[in-house]
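Student: Residue numbers (numbering that gives the first Met the number 0), protein chains in the order written: chain S, 0 to 482; chain R, 0 to 316.
One thing to keep in mind: the hints can contain errors.
Here are the computed distance ranges between Cβ atoms for each label pair [unchecked claim]: (1) R:Glu294 with S:Pro68: 48 to 54 Å; (2) S:Asp325 with R:Arg38: 33 to 39 Å; (3) S:Glu284 with R:Trp168: 51 to 57 Å; (4) R:Ala17 with S:Asp325: 41 to 47 Å; (5) S:Asp325 with R:Gly287: 46 to 52 Å; (6) S:Asp325 with R:Leu13: 37 to 43 Å; (7) S:Ser90 with R:Arg38: 53 to 59 Å.
No lab work stands behind these hints, which were simulated from the structure alone. No residue lacks a Cβ here, since even glycine has one placed at the ideal position from N, Cα and C.
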Amino acid sequence: MTAGPRLEMRGVRKRFGATVALDGVDLEVAAGECHALVGQNGAGKSTLMKVLSGAHAADEGEMRLDGEPYRPRDPLDARRRGVAMIYQELSLARHLTVEENIVLGLEPSRFGWLDRGAIRSRAVDALAQLQHSEIAPDARTGDLPIAQQQIVEIARALAVGCRVLVLDEPTSSITQRDAARLFALIDRLRGQGHAVVYISHFIEECKRVAGRFTVLRDGRTAGGGDLSGASIAQIVDLMVGQKVDHLYPRSPRTPGEEILSKDGLALRRGEVLGIAGLVGAGRTELLREIFGLDPVRGGTIRVGAFVGPASPARRWAQSVGFVSEDRKTEGLALGLSIADNLTLSKLDGLVLPSRQASATRRWLDGLAVRCRDPFQRVSELSGGNQQKVAIARLLHHDVDVLLLDEPTRGIDVGSKAQIYQLIDDLVSKGGKSALLVSSYLPELLGVCDRIAVMRRGMLGPARPAAELDEHALLLEATGEAAA
Amino acid sequence: MNPKAALAKLGPLLGLIAVFLFFFIAVWSHTGRNSFATRDNLQTIALQSAIVGMAALGMTVIIISGGIDLSMGSTVALTSVVVAALLKFQGWPSFPAALGAVAAGALCGAVNGALVTGLKVVPFIITLGTFLLLRGVAKEIADNATIAPAASALDSLLDQSGVLPSGVWMLAVLAAVVSATLHYTRFGRHVFAIGSNEQAARLCGVPIARTKILVYALGGLFAGLAGLLQYSRLTIGDPTSAPGLELDVIAAVVIGGGSLAGGEGSVVGSLVGALMMTMIRNGCSQMGWPNNRTEIVAGVIIVVAVAVDRLRHRRGL
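Build out the structure end to end from the sequences listed, making use of the hints.
Tutor: This is the structure in structure tokens:
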């Protein structure tokens, strides 16, 4: 093993027009190390990764790979040099087979013809190295579960001889059990001498998988060190720059009559009901059935005085609103303006821009959305601000029941705190009700009055959040408490 | 509005001015006199643009909604035949005959819309089917010939009278109406929302099917009006007329900033696009260039216009 670090970044700077995205980043990752990179949204993690992967060129600063200067021209160049990225949204060709994906872009060929045998052996080798030989190399990639697709993507990185593997929020869309497998896999990769950069919002996760960490804040390296010697609170302080006191505000609430029910589920006026469970347990489907986005598979839905299934349009009319877990493909029309997105569910027959703008401005100010003006494109906003726009739509519509599916996924701590405050205000002061699906247990425990756990499509009884803890919820979700 | 957005809006117009200046200079130096930028010739360009422009109003709405209508040329031919048939065989007066033809166009569009939403098949395939089907129906009605009714008031929609022919005024007024509808009505905002992200629109309670059927019906309605202008220009109903018109119309919308992915497009842009297409044809013919060279120039301009638009988008992001 060489004495110097595998990857070294010194004083990396990058600006886009007037915006400084990176303002002096230092990062050092040794071979055989898993290094956690944490920071709020907008801290510069994605830009840093794009610089590393050759998608952007740094304006200033120095990068070295095994001591040699490293300045990738483009992503393919970076891949050839052994720097591989696994993005949150996987970049696989869904219609191709596993082995075709693994060699994609660097297909072995003989006289211009694909060398099928070499492709197969390379794919089999890479999967075996990851101890995931159960994935068939000739399976259609789109047919695999997300966790296995992720493995395929890592295998693709290994197949070209990767030296630095960067994982961006790899557990955001997989179950806890798959996450555990992924951590074991990262441990093995470390053992094989690969350098791994692990980006995540979840510090607990980083502590499990990584040895050292670096915190990015406002495009700068704000601190770092050994994860074993740092408490979560200390790391969060570094990320935020100031202390977060009341992340989960909770005013006195007085739940009233039942306002929404389905099977065993009963949501009362003036409460937040949480639904815990693993990804794939059917929580999202439950919300979508209630809201009329998916056909109802069983049970009777009651919303106030209305009984039975209804279309999304009817649900809005019944004062029910839905925030999708998938902001990009369903939650927002990214190409449209903030005003259009915010008012879409409740437009007058005649749409006057001035009225649209004043209605929008009210919510933008109330939720502290950072934007230029109401007619700015939503795609230009940061994730946290986009999510606030998606939630503001419900406020503009003034719904009584808020169906919130992972409302804080992938957004920064500051925006999260504002959304928690908002939910508390709506429920305790406004007499609204919220049904909250979340995979982040501290959030459920902090925000909800009662929590029910969903497992394999079955919803358990709702119990007061005060009587529950993460351990109990996790046990029930994984089904080990049933015994 | 910030300068970048203003420039983006003006892009197609700047392109039009560039094309205009090019032919102004080229024709002058070729013929030794200004025969391009004369009042007569500009009037000619305006009325030649009217048919493509009228159809482009409908196509703009369809393309903003994320759809496409390949059957538009066939609908134009069909409605021109319908109006001729109503005048000649049914003996209808001009105005009811015109209304009947426009209604026929709207019906064709509504059928397209119903098929697209009902069968959940992409509009490219559905309208590829109706493209053939409607052309066949037009020939059926005309019995594979042309229909030549007696002279009527409908013959003069595109005649040089006053500053501009009445058909061009009609186009201008309707363009303003469509533009206002797109921007200031719930229906218009729904069209943009469906084109930008249909799933998000559904989540927000936008009536997808109803809106789409209306969008295609509107497309058919404007194709019907274009058919009326077509009839007025030829003064006969010709089922083989307007071949490939839909491609000119799509090109006009795309030159004008419309995105085939939906969610983007403007009426003014599309009209500018239509003018540009006509100006190129007109300019090339004044240069005495053969038809094939005109096609090459038009093709190059379309590709350049779209490439410039893409570059602008990439930098904007």
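Student: Which of the stated hints cannot be reconciled with the structure, identified by number in ascending sequence?
Tutor: 2 and 5
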